[in-house]
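Participant: Whenever a hint applies, use it, and build me the whole structure from the sequences.
Chains as they are written, first to last, in this note's numbering: chain A, 1 to 374; chain B, 1 to 374.
A few of these clues could be false.
Heads up, the list lumps identical chains together, so a pair's fine if it works in one copy or across two of them.
Claimed, not checked - As a list, the in silico DSS-like pairs of lysine-lysine whose alpha-carbon atoms are at most 30 Å apart:
no., residue 1, residue 2
1, Lys169, Lys304
2, Lys326, Lys225
3, Lys287, Lys80
4, Lys104, Lys326
5, Lys238, Lys169
6, Lys114, Lys324
7, Lys50, Lys326
8, Lys287, Lys326
9, Lys54, Lys304
10, Lys304, Lys50
11, Lys172, Lys243
12, Lys243, Lys104
13, Lys128, Lys183
14, Lys50, Lys80
15, Lys50, Lys307
16, Lys324, Lys112
17, Lys112, Lys326
18, Lys80, Lys324
19, Lys324, Lys50
20, Lys324, Lys104
21, Lys183, Lys114
22, Lys307, Lys54
23, Lys54, Lys324
None of these hints come from the bench; they were simulated from the model.
There are 2 protein chains.
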Amino acid sequence: MEFKILHEDSCTSGRQGLLSTPHGEVETPLFMPVATMGTVKTMDNVDLEKQGAKALISNAFLLYLRPGLDIIHSAGGLHKFMNWPHVLFKYSGGFQMIRRDFLKSADMNSVKFKSPFDGQVHELTPEKNMEIQLALGGDIIMALDDCPPAGAAYSNVQASLERTLDWAKRCKIYFDEHAGDKKVGLFGIVQGGIHQDLRGSCIEKLTNLDFNGYGIGGLSIGEAKSDMYRTLEFTIPKLPADKVRYLMGVGSPEDLLKSIALGVDVFDSVFPTRNARHSTIYTAQGKINIGRSTYRSDQSPLDKECKCYTCENHSRAYVNHLLKQKEPLGIRLTTLHNLHFLMELVRQARTALVEDEFERFKECFLDEYESDRD
Amino acid sequence: MEFKILHEDSCTSGRQGLLSTPHGEVETPLFMPVATMGTVKTMDNVDLEKQGAKALISNAFLLYLRPGLDIIHSAGGLHKFMNWPHVLFKYSGGFQMIRRDFLKSADMNSVKFKSPFDGQVHELTPEKNMEIQLALGGDIIMALDDCPPAGAAYSNVQASLERTLDWAKRCKIYFDEHAGDKKVGLFGIVQGGIHQDLRGSCIEKLTNLDFNGYGIGGLSIGEAKSDMYRTLEFTIPKLPADKVRYLMGVGSPEDLLKSIALGVDVFDSVFPTRNARHSTIYTAQGKINIGRSTYRSDQSPLDKECKCYTCENHSRAYVNHLLKQKEPLGIRLTTLHNLHFLMELVRQARTALVEDEFERFKECFLDEYESDRD
Numbered sequence: 001m002e003f004k005i006l007h008e009d010s011c012t013s014g015r016q017g018l019l020s021t022p023h024g025e026v027e028t029p030l031f032m033p034v035a036t037m038g039t040v041k042t043m044d045n046v047d048l049e050k051q052g053a054k055a056l057i058s059n060a061f062l063l064y065l066r067p068g069l070d071i072i073h074s075a076g077g078l079h080k081f082m083n084w085p086h087v088l089f090k091y092s093g094g095f096q097m098i099r100r101d102f103l104k105s106a107d108m109n110s111v112k113f114k115s116p117f118d119g120q121v122h123e124l125t126p127e128k129n130m131e132i133q134l135a136l137g138g139d140i141i142m143a144l145d146d147c148p149p150a151g152a153a154y155s156n157v158q159a160s161l162e163r164t165l166d167w168a169k170r171c172k173i174y175f176d177e178h179a180g181d182k183k184v185g186l187f188g189i190v191q192g193g194i195h196q197d198l199r200g201s202c203i204e205k206l207t208n209l210d211f212n213g214y215g216i217g218g219l220s221i222g223e224a225k226s227d228m229y230r231t232l233e234f235t236i237p238k239l240p241a242d243k244v245r246y247l248m249g250v251g252s253p254e255d256l257l258k259s260i261a262l263g264v265d266v267f268d269s270v271f272p273t274r275n276a277r278h279s280t281i282y283t284a285q286g287k288i289n290i291g292r293s294t295y296r297s298d299q300s301p302l303d304k305e306c307k308c309y310t311c312e313n314h315s316r317a318y319v320n321h322l323l324k325q326k327e328p329l330g331i332r333l334t335t336l337h338n339l340h341f342l343m344e345l346v347r348q349a350r351t352a353l354v355e356d357e358f359e360r361f362k363e364c365f366l367d368e369y370e371s372d373r374d
Numbered sequence: 001m002e003f004k005i006l007h008e009d010s011c012t013s014g015r016q017g018l019l020s021t022p023h024g025e026v027e028t029p030l031f032m033p034v035a036t037m038g039t040v041k042t043m044d045n046v047d048l049e050k051q052g053a054k055a056l057i058s059n060a061f062l063l064y065l066r067p068g069l070d071i072i073h074s075a076g077g078l079h080k081f082m083n084w085p086h087v088l089f090k091y092s093g094g095f096q097m098i099r100r101d102f103l104k105s106a107d108m109n110s111v112k113f114k115s116p117f118d119g120q121v122h123e124l125t126p127e128k129n130m131e132i133q134l135a136l137g138g139d140i141i142m143a144l145d146d147c148p149p150a151g152a153a154y155s156n157v158q159a160s161l162e163r164t165l166d167w168a169k170r171c172k173i174y175f176d177e178h179a180g181d182k183k184v185g186l187f188g189i190v191q192g193g194i195h196q197d198l199r200g201s202c203i204e205k206l207t208n209l210d211f212n213g214y215g216i217g218g219l220s221i222g223e224a225k226s227d228m229y230r231t232l233e234f235t236i237p238k239l240p241a242d243k244v245r246y247l248m249g250v251g252s253p254e255d256l257l258k259s260i261a262l263g264v265d266v267f268d269s270v271f272p273t274r275n276a277r278h279s280t281i282y283t284a285q286g287k288i289n290i291g292r293s294t295y296r297s298d299q300s301p302l303d304k305e306c307k308c309y310t311c312e313n314h315s316r317a318y319v320n321h322l323l324k325q326k327e328p329l330g331i332r333l334t335t336l337h338n339l340h341f342l343m344e345l346v347r348q349a350r351t352a353l354v355e356d357e358f359e360r361f362k363e364c365f366l367d368e369y370e371s372d373r374d
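Facilitator: Below is the structure:
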């Protein structure tokens, strides 16, 4: 894989670039819909392509549990199993460690998970995780990290960070020995909670290992927004300027624009799709809950300026009816809309960056968006 | 509306025709997917158009309950509410009377339903039903009928039939006075259980009222297959040859072909969509349950000869995985396939009728289909 910065914004730390992978090129800033189990919930591949999605991220560990490596391997890898011809990122599954019902135990050597499917215990070492990710195939894979919960004590975050760093090293060694000529990229993940010294020392040690790019993990997990932005502000400038910066799990319209301004290149989040399944849709004026009775006879589209299939074909009243009746089409139409909205926002952000108009674009959008009247 | 028979099969009683409505022409034999609540479950309008669906049927009474006439009226009618530009049939909702949890009471004057949504009791007279159906808009509406359950005693079927006939007359009177220049068609529904005399006298009385077409109701509701075919064999020849014959609620591949041979023009059924949501898919070799573990690493398409989106893009293994994980895409892919399979079967049946090859076509299909090895 290769990453080129094509334009640096004159006013913010934002940058516009091109990420080249074995499955094509994608422009950055990039938002990736999440295909945890090998599918973006309610979407088919044509839907995704129509929204301009050229990169998805799946969860390697969950796919290892279901349907299992054997099945994905016999299909010829995850790309073929999903019939997705574009870019695929793979996440280790380490994030599941903050789910108490999922984590069994973790020590320096490995993490033990209880399968959410059958309760069986699986031991995941960094080497095993790399083996799984390389077997699944993909364009960019992430090192196994240990993500402490929001609000964890400093000493716990510090202990957890030691694991993250040790595992990153072991992932890198395994990867260098086994990736061969697969041209897949390996990203390290920066942890350290909201602590400047821990984030700083993490970056120092990770960059010594020279990963192809860097994930910023452990944010947007319940901490205050001000803590998240403070952390991004002291974290991002320490990352190597020529490598991809991937802010993991962030995906609200306002967070995307604010983080792009700080120099983030890549995002993923279940927010647009999960919100859609809970009737929350994005509009230029902010989020609204389209399942509310207010909208039951509203004949206007979800968002007046949106060009998505849902907005061009259906009214708020119809979508409200479908959601109330739990008709499967309801959550598909809201998901189509939310993904289109975010993909279009990021596309416009890229254009604004190239035209050195990003700050104005961001402020304009946020002024209208944050005046949410719902 | 207008109905023309364009070709009569030389070997069977099958016929090929053209039904012209205010929302376009549809060729018969015709299979209509069911959009009970104003949506064919899991499908959008583009999906339906791609399967060649040019006519749907909705349930007037259920739409009257949810979202309600006011909302559909303010959208400009059901066509506009759904944004469906093609043909719409409307069913009265009388069939719900065989659901004990739904029916409160019925007498000669009206039927009282308990709303499945909020338990509120609604009284439905034939006049009220026509008023609802005309207010919703649509191309063809059905008279309110009383459908006795399968296996009902002769005397009960007889009593029920008296209501069906009285209501048909009242529907026709109301319709003639109120339909105005809406060009909508009204079909009467033939009831009478599996009794030749009752079906016969029903047809005699209904045809005296001169409906635009005739539904055949009260079949495929749990009676033996042999009873259904025996009933069709003595019922269909009594119906006027120049009017549409619509066998309600029938939709398995084998029943479609066998009933087309007996002279049925129009079908509707939730079978293909409901089966799809329960992992049952059609193949040329019969139905299979694609959710079974047998298919977990089967890399072949659902049906080798099928040209639907699912079969052209995804493997049985992938669909099996999606269904097991209850991923929303799973039931959408199986629904797309089942609808395509049925629509294509009926399209081929029409061609075979025109070419006087229907009997051979039917036998070929059934030979392979009924050798179901699942």
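Participant: Reference check for the pair Lys104 and Lys326, CA-CA at most 30 Å: within, between, both, or neither?
Facilitator: Classified as between: cross-chain Cα gap 25 Å, same-chain 35 Å, threshold 30 Å.
Participant: Can you give me the call for Lys112 and Lys326, within, between, both or neither, at a CA distance of at most 30 Å?
Facilitator: Between copies, since 25 Å is at most 30 Å while 37 Å is not.
Participant: Give the relationship of Lys307 and Lys54 under a CA distance limit of 30 Å: within one copy only, between copies only, both, or neither.
Facilitator: both (19 Å within a copy, 25 Å between copies)
Participant: Cα distance capped at 30 Å. Does Lys287 pair with Lys80 within a copy, between copies, both, or neither?
Facilitator: between (36 Å within a copy, 26 Å between copies)
Participant: Cα distance capped at 30 Å. Does Lys304 pair with Lys50 within a copy, between copies, both, or neither?
Facilitator: For Lys304 and Lys50, both the intra-copy (19 Å) and inter-copy (27 Å) Cα distances are at most 30 Å.
Participant: Quick one: Lys80 to Lys324, C-alpha cut-off 30 Å, is that within a copy, between copies, both, or neither?
Facilitator: For Lys80 and Lys324, only the inter-copy Cα distance (19 Å) is at most 30 Å; the intra-copy one is 36 Å.
Participant: Could you place Lys324 and Lys112 in one of the four classes (within, between, both, neither) given a Cα distance threshold of 30 Å?
Facilitator: between (40 Å within a copy, 24 Å between copies)
Participant: At 30 Å max between alpha carbons, let me know whether Lys50 reaches Lys80 within a copy, between copies, both or neither.
Facilitator: The answer is both: 20 Å in one copy and 25 Å across copies each meet 30 Å.
Participant: When no copy is named, should Lys172 and Lys243 be tagged within, between, both, or neither for a Cα gap of at most 30 Å?
Facilitator: Within. Shortest intra-copy distance 16 Å satisfies the 30 Å Cα cut-off; inter-copy 75 Å does not.
Participant: Within a copy, between copies, both or neither: which one fits Lys324 and Lys50 at a CA-CA cutoff of 30 Å?
Facilitator: both (27 Å within a copy, 27 Å between copies)
Participant: With 30 Å as the alpha-carbon cut-off, assign the pair Lys324 and Lys104 to within, between, both or neither.
Facilitator: Between. Shortest inter-copy distance 25 Å satisfies the 30 Å Cα cut-off; intra-copy 38 Å does not.
Participant: Within a copy, between copies, both or neither: which one fits Lys54 and Lys304 at a CA-CA cutoff of 30 Å?
Facilitator: Both, since 26 Å and 29 Å are each at most 30 Å.
Against the hints set out earlier in the document, violations occur for numbers 1, 2, 12, 21.
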